[in-house]
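Novice: Below, each chain spelled out in residue letters.
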Amino acid sequence: MKKPSSLHSPRLSSKRRAEAHFHEMWSGTVSFSLVAIPVRLVKAVEPGRVSFHMLHAKDYSPLHRRMLCPKENKIVPPDEIVRGYELYPGKYLLITDEELESVSPERSRTVEIIEFIDMEEVDPVYFDHPYYLAPLKGGEKAYRLLAEAMHRTNKAGLARFVMGEREYLVAVKSTEGVLSLITLHYSGEVLSGEDVSPEQGKTEREEQDRLKGIIQGMIADFDPDKYADERRENLLEILREKAKHMAPVESPEVGEEEEESTVDLIAVLEKSMRKVKKTGEHKSRRG
Amino acid sequence: MSTKVAEVEGARLTLTNLDKDLYPSYGFTKAHILEYYRRISPFCLPHLKDRALTLKRYPDGVGKEFFYEKRCPSHRPSWVKTAKIPRDNGERMTVCLVNDLNTLIWVENLASLELHVPLARAHSPETPDSMVFDLDPGDGADILDCGRVALIIKALLKELRLACCLKTSGQKGLHVLVPLNSREVTFEDTKKFSRSVAEVLQRSYPDLVTARMGKEEREKRVFINWSQNDPSKTMVCVYSLRAREKPVVSFPVAWEELENALDEGNPRRLQFLHSEALSRAEKQGDLFREVLVKNQKLPYL
Chain Y
1 MKKPSSLHSP RLSSKRRAEA HFHEMWSGTV SFSLVAIPVR LVKAVEPGRV SFHMLHAKDY
61 SPLHRRMLCP KENKIVPPDE IVRGYELYPG KYLLITDEEL ESVSPERSRT VEIIEFIDME
121 EVDPVYFDHP YYLAPLKGGE KAYRLLAEAM HRTNKAGLAR FVMGEREYLV AVKSTEGVLS
181 LITLHYSGEV LSGEDVSPEQ GKTEREEQDR LKGIIQGMIA DFDPDKYADE RRENLLEILR
241 EKAKHMAPVE SPEVGEEEEE STVDLIAVLE KSMRKVKKTG EHKSRRG
Chain E
288 MSTKVAEVEG ARLTLTNLDK DLYPSYGFTK AHILEYYRRI SPFCLPHLKD RALTLKRYPD
348 GVGKEFFYEK RCPSHRPSWV KTAKIPRDNG ERMTVCLVND LNTLIWVENL ASLELHVPLA
408 RAHSPETPDS MVFDLDPGDG ADILDCGRVA LIIKALLKEL RLACCLKTSG QKGLHVLVPL
468 NSREVTFEDT KKFSRSVAEV LQRSYPDLVT ARMGKEEREK RVFINWSQND PSKTMVCVYS
528 LRAREKPVVS FPVAWEELEN ALDEGNPRRL QFLHSEALSR AEKQGDLFRE VLVKNQKLPY
588 L
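So the protein lines, in turn, are chains Y and E. The first sequence: position 134 = 134 (my numbering), numbered continuously. The second sequence: position 106 = 393 (my numbering), numbered continuously.
These are calculated hints, taken from the structure and not from any lab test. Please note: incorrect hints may appear among the correct ones.
[Claimed, not checked] No farther apart than 25 angstroms at their CA atoms in a straight line, the calculated lysine to aspartate or glutamate pairs in the DMTMM-like style are these: (1) Y:Lys-43 with E:Glu-294; (2) Y:Lys-278 with E:Glu-546; (3) E:Lys-507 with Y:Glu-199; (4) Y:Lys-212 with Y:Glu-199.
[Stated by the list, open to error] Short, incomplete list of chain E residues facing chain Y, as computed with Cβ under 8 angstroms: (5) Leu-447; (6) Phe-474; (7) Ser-483; (8) Arg-490; (9) Ser-491; (10) Leu-588.
Each residue gets a CB set at the ideal place from its N, CA and C atoms; glycine is no exception.
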């Protein structure tokens, strides 16, 4: 890999440092039977999408997304926005924040393992999103024990747990001494493959053997390092080249005072409130 | 009746009814009250300084008749500092400023067990030094629910880079104060801001919070009384005794302490008797100092 020149923003580097993304999503305990292990949940993957900002071509001002009412051709402030569930085209059922809140699961601080399963029985179609579980202080020993035991028995724990507004079905498994947590799709979310399967019919034994032979001939160990997202690499290469020869365009300074005064206090508070709710720093749950 | 002439910081004061028990079910006499205020004064006086005091007098002790006195009594000693503040009818009223120990002792000798002051100083009555969220539990809610709301307010303000301090009201509620200490802020600003916060919280936590005063709306909820941010309103001063069965104090609470109280589910950790208030203040200093000195600006107004 080419070494990015010192001029380059670290953003243009192809390698993503894992630690930088070890942002805590949640913390609590993994528990089953009498064991309770304090852990924090961190991302296991960071999608390699190269993302772009939308700028005004005229002066490179970064553009904002706003809610536009096409009828009045007006930006609608947050306190005039309600949620509607589309029943038929153009017909909606209104739902309030309170009603949404009422179906949110109780916040919980535990990943409670209900049963142990064989991971091989779980078709990857159920896999949603992978995370790592990192031991918190005081939990290291129990963590190692569980990770080793699961590794030896080749079993994964099936658990439910609440993060944000949702309750997830998850599998906790051990990979080389590290516990990972994979959120699973509920079976209701998995679409049936029946409709895409071919019509019933006999296949010839000879044909089968021939294909088997071909497959045998192509067998390899899974080595993900052999593959990379080429589009991403090429795109970054273009950007690196550009950075070498071109000064970046600059967005105009937006007077902070001016912007602040145009921002609606309620909108700012609502936004901050959502953030606060998400991080769940506070203990808003009644005892 | 026991009467004693005392000399406090060079001023002569006649102290009366010293052995009168003003907290009869607990046993706490006028002498005890004077002693409490004498020892707490280094912490309390900076918060009273230059503010128009409303006396809340209990001549026969708690549980008996009491009265508010906004006007500074005309029989006051010559050394009591006063200010003239405009009233709604255009008249000017003379009020007491508790700026020194002898005035505090004199006021307490009048059995003004509770000390109530506005959020602004007398010379700039339209400029609040702080913004308050007065958290008042309705029927079926308690001080721990107030604590939960206080933590949400704190987290929300933190997003806006505003620090805040917490004290018990000494009754059932909690007070969250946001230090401002800026000349530019008005009660109109603090009212608008606190009301917006209260309403956003009510929308986000409808089962826990209400921004409305109605009794029904308050049931099982915490009422965020934003309307205290008003030049005509007073709040109980930090370190003031409250006229309840026991001599409890409106006392600062560290955020960690609040979290511990919530973890334990123990409302008693949010109640401070006179003795604990003294020993803690003398050990840890004024936890409410930030309210007096920290300069902050309310954003997005």
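Novice: All hints are to be evaluated individually against the structure, with a verdict given for each.
Specialist: Against the structure, the hints:
no. : hint                     : in the structure
1   : Y:Lys-43 with E:Glu-294  : violated, 69 angstroms
2   : Y:Lys-278 with E:Glu-546 : holds, 19 angstroms
3   : E:Lys-507 with Y:Glu-199 : violated, 62 angstroms
4   : Y:Lys-212 with Y:Glu-199 : holds, 22 angstroms
5   : Leu-447                  : holds, 6 angstroms
6   : Phe-474                  : violated, 16 angstroms
7   : Ser-483                  : holds, 5 angstroms
8   : Arg-490                  : holds, 6 angstroms
9   : Ser-491                  : holds, 5 angstroms
10  : Leu-588                  : holds, 6 angstroms
Figure legend: structure checked against the earlier numbered hints; hints not met, in rising order: 1, 3 and 6.
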